[in-house]
Amino acid sequence: MSAPQAAIQELAVNPVTLEVVRNALIAIVNEMTSNLTRTSYSPIISEIKDFGVGFVDARARSIAQTLAGLPVFLADLGPPIADSLALHGPEGLEPGDVLLSNYSGVNGQHLNNVVAHSPIFVAGELLAFPAVRAHWIDVGGKVSGSLAHDSREIFEEGLQLRSVKVYRRGLPDQDIVRIIRHNVRFPDLILGDMRAQISACRLGEKRFTELVARYGKETVFACIQRIWDEAELLTRRAVEAIPDGIFMAETFLDNDGVNLRQPIPLKVRVIVEGSEMTVDFSEMPRQVSGPYNSRGAVGAARVAFKCLTCPMLPANDGCFRNLKVVAPEGTILSADENAAMGWWMMPIVSVIDLILKALHPAIPEQVTAGHYANISGAMFMGVNPRSGRRFHIMDPEIGGWGATSKHDGMNAVVSLNQGDVHNLPVETEETTYPVRVREFRLRQDSGGPGRFRGGLGVVRATEALAPCEYMGQYERVQAPPWGLAGGGEGKVNRVTLRRHPEAAEEELALKLVNYPLQPQHVVTLSSPGGGGYGPAWERDVESVRRDVLDGYVSREQARDDYGVVLRDGTLEVDEEATRARRRHLGGRDQPAAA
Amino acid sequence: MPAPAPRCLLGVDIGGTFTDLVAFNLEDGQITLSKSSSTPNDLTEGIRSCLVKSGVPLTEVATFFHGTTQVINTVIEKTGAKTGLVTTAGFRDVLEIGRANRPQNYNLFYQKPTPLVPRHLRFEVEERMTPDGEVLVPLTEESVEAVIDAARRHGLEAVAVCLLHAYANPRHEEQVRAALSAALPGVYICESSDIVREWREFERTSTTVMNAYVGPRVERYVARLEAMNGSLGFRGSFLIMQSNGGVMTSDAARRFPVSMVESGPVAGVIGAAYLSTQLDEPFLIAFDMGGTTAKASLIEHGIPKTTPIYYLGGYADGYPLQLPVIEVVEVGTGGGSIAWIDETGALKVGPRSAGAEPGPVCYGKGGGEPTVTDANVALGRVDAARFLGGEMPLEAAQAKAAIRERIAAPFGLEVEEAAAGILTIAESNMSLAVRAITIEKGYDPRDFALMVFGGAGPMHALSLARELAIPRVIIPTMPAHFSALGMVLTDLRRDFVRTCVRPFSGDAFQDLNALLTELKEEGRNWLRAEGVAPKNIACAAFLDLRYVGQEYAVTTPLGGDTITPEHRDRTRAEFDRLYEVRYGHSFSEVPVEVVNARVIALGKGQKPAFAKLPGRGGPAAAAPIKAARRFVYYPGLGFVECPIYDRRSLLGGDRFTGPAIVEEYASTLVLGPGDAAEVNEFGYIVVHVEGAA
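So the protein lines, in turn, are chains E and V. Each residue of the first sequence is one higher than the one before, counting from 1 in my numbering. Each residue of the second sequence is one higher than the one before, counting from 1001 in my numbering.
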């Protein structure tokens, strides 16, 4: 390990060239990203931003990566390229080749995430690879979209491509193209998206080659080395600021979608020592039967690490040199290549949150309480009677964010795994699909009570206007979003059905496939709130009263959890009753002092 | 004594620091400029002092164009009205939920912008429309009465009304508005369907709320200005700049104050668009570099590109406004940008700026950190003695000392190397803004000319153009005041947009044609009411089209008044073409649907005739007069003895080649070796960029 200060002092490049090359690398990655989003065919790429774009060097180390795209694809382009290098050998790769990889053994994500990459040669020397990971809307398998809720093996989830050359020396391999065409459900769209990935790679090759031609290979790579070293210096400083220690946290998932009565415990150990952090997943459970597996140990650890170190700094190899990830083979985060991985992101989002929770004792002001930690959404599908065409509505579930030591959690946002993902406007949904949204509002009392309150989840009630089917996949009901420092838990997911306006509400199962709906049926999803921070009875009384006036908190919750008693009618604070109630609440958790 | 006939166009732009005035005399083509400090407590004070300095009497002004930061100040200072919001039952949280996105992937502490209306002031009424505009639940009077009671109880100053699907049928909104107006005199009330008739409830609600929030303050501001104008004998028309690149009357400004949000930066783009037509340069990049930022916009066929949505306060932290706004991409690099060494030891330029106080080191006003301007001075690119025509001599030695001490010495560089490096980094940063509007949108900079303005623009234009392979650079006359000049070239404009989701096929054409006719009639009536003569009215029709199944639509010109069988095929082909430009492919076989119908209504104003510059008449005088020579540093060449041209002495048809410098008041043009300049008949300098072709 080189001392960071030393690394920074040896300025091997001209400081001006360094800045120009730095800007050029950002510009290349941005241009590749806009080229991808402009030329892709599916909204999942252009709108939901289910992609990662970047460069790795000839040793598969990340040179640069776009800040757009999903957070969870943080610097995960290395492993498939290392696999291509191992399989083909450097001499087996030629200029003009483009390779595809979604092989579960190295990518460890659902098979929809396919990485296109191409070698860049300058003067016969392999220098780098542009790489584009993007979500294909279907890769075959047992259900449309390839994300079955109940698959037990990866083979139910579609076609695998392991470092397959779809282009050889600049020409498409039509055999490979035919294999893809006849193994996916929407071949024209998917081959269109694949071409968009390839054209982004080609652009990256061209721009990177121009950069090397202009400044010279030695200079460009000296700049890259320097950019890595800077990132390392900054992330080391960030970790040095965290007190040393061994920190642990645990929670559990409700089930794996197959064994519905079997909770899945998640446990993480984080070791901070000087400027190094180790995230140890040794105590994670063995891989599961359902589609909740992944090889996402490194990815999950990196997202949490990035949030805690330099969140606004562009990601590259240097950002993670002081992060060690321990994950023995065969856990839910290091599953074998045959394990089902369709819903791999569901555990990941809880794992990221768990790492933050573990570090709370060390850095109480730099983490958030538990958030709603779900990656799903109510899905409605059927045939639209107006157009006669099939429809499939997928609106991402949104929920409450965890409170911090200084702020209430945000109400109604997307999860830690998602970033700049937007929900579906009600007016667009109703115009496009045979449904009507009856209400869409914040869910009162769903935020975990605390000195700082957890963010609120939402209530969204959707009425079917034509016969259709509903699918749902919700988690973390048994282990709600946690509070920190004595803050309370957020409310959990709930799904109900009302068959007609006068009928009583029925509870629906939280994991449900192809449930038939008739016109007038209303499905109401209540999403979780985030956890609170600090004891609720320490919350400023006026803030509690304002929350009641704003309807974020009911009078009952104000009294029961926050110990703030409001008078009938005026809703003025009853000082005396409040003092008594707060004394009682404070004492309840501090029996020793009483 | 009869007052003299109005013979002037006047533009007054209030910026954050300065208020700028430009007056164009329609009789003799003379241009008058003046400047004074902005006066935030009462902005009209700054206008008065500009008028006094300029010596232009308001009695002689035919049209007064005005741009102001009033709206943006109100939002930044959070000094808008106490505002309420009326929504459909079940949807009062639309404003707060927003689109649920987190634009900063790894920032755990990201916060959505605070809603301008707190939850207890968001009221629901019983009513419901369908997407087709049919009444599903009639509006109940009791629920409106309850809103009125609450508005009184809370002492609201403004109320926004935004109901679901009101773009399809505004009747309920109009009923709510009528009831509120009758019961709450003096309260500012606006409804979404009067401002924007497009779907997406969050963006529409946010726009309507913003309009209500700034409304009362804008009303008072306009009243104060009109009183001032009246007291100074003004009898012409008073027009206010909008973010869409048009102007509106003061009555319209009271009704749609939200459309005034970004008036300042767009004026220069309007000027550039006007010159684009005049010069027959259909594809232009307008580039404006001032003291703290550089801004880039794109002009195609004389029309600035607009964006259908704008985030007031930035994408991550701002409020969306669903209004067409001229697209301006900004980077934090300007003449005042500070060069510094960051904590890792890397050399950075900006985004921190020395501003006007203390300003760059060379101003000698106490600034210690070297800036882009200091680097220009150190390299001899700016003449320290003749800065601002000699009004403000610069301290070149101090600038060099600061660069030596803070930048050159730590890296072991020569002062000139360090100074040239600062400029290279600044230009590299600025190229990112131009890339964002061209390369990242599917346009090739090689197809464009670069029109530069702002005080610092001409200094860096040629390097920037070379970097991006832009073949031509155009420097208008008075580049430092070009934005102000753009104001007096602005037309009355209003955009009428209506969401109307239909297949783009025969069955729907009757509906669409009826709608387009209605929108055009609305546009014409509005312009007539604003006093525009019928011959000066122009309406252009567009359809926002998309392939069935996709989310985002492309605004496509209709190329005619209504859709006829011939037009249909042409419009469809044009849509496929535009889609191809933007997305790299098109699907001529896939059915297309309409999302919005759009009409832009323009009321063309009187345009100033720019004076032409005489030529030298005869080949003998083809070379310009060289005012002086001095040594200017060029990277790779070192100090080169350069001819210095005085712009005032240039005549039409003059040609010269770099290395060379052209000086004028408040601006300096730097030509690199081989750059070939030519002065055209209007006095604009057109430079063919060496090495870009």
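Be aware that one or more of the hints could be misleading.
To be verified - Below, computed lysine-lysine pairings styled on BS3-like, alpha-carbon distance capped at 27 Å: (1) Lys1305(V) with Lys1078(V); (2) Lys142(E) with Lys206(E); (3) Lys1520(V) with Lys406(E); (4) Lys1348(V) with Lys217(E); (5) Lys1520(V) with Lys1607(V); (6) Lys1078(V) with Lys1053(V); (7) Lys206(E) with Lys1035(V).
Unchecked claim - Sample of chain V residues at the chain E side, in silico, Cβ under 7 Å: (8) Gly1090; (9) Ala1100; (10) Pro1103; (11) Asn1105; (12) Leu1347; (13) Phe1411; (14) Glu1414; (15) Ile1439; (16) Tyr1443; (17) Asp1447; (18) Arg1502; (19) Ser1505; (20) Phe1509; (21) Leu1578; (22) Val1581.
No wet-lab data here; the hints were simulated from the structure. Where is the CB? At the ideal position from N, CA and C, for every residue including glycine.
Indices of hints not satisfied (ascending): The structure conflicts with hints 1, 2, 3, 6, 7, 14, 16, 17, 18, 19, 20, 21, 22, although it agrees with all the remaining ones.
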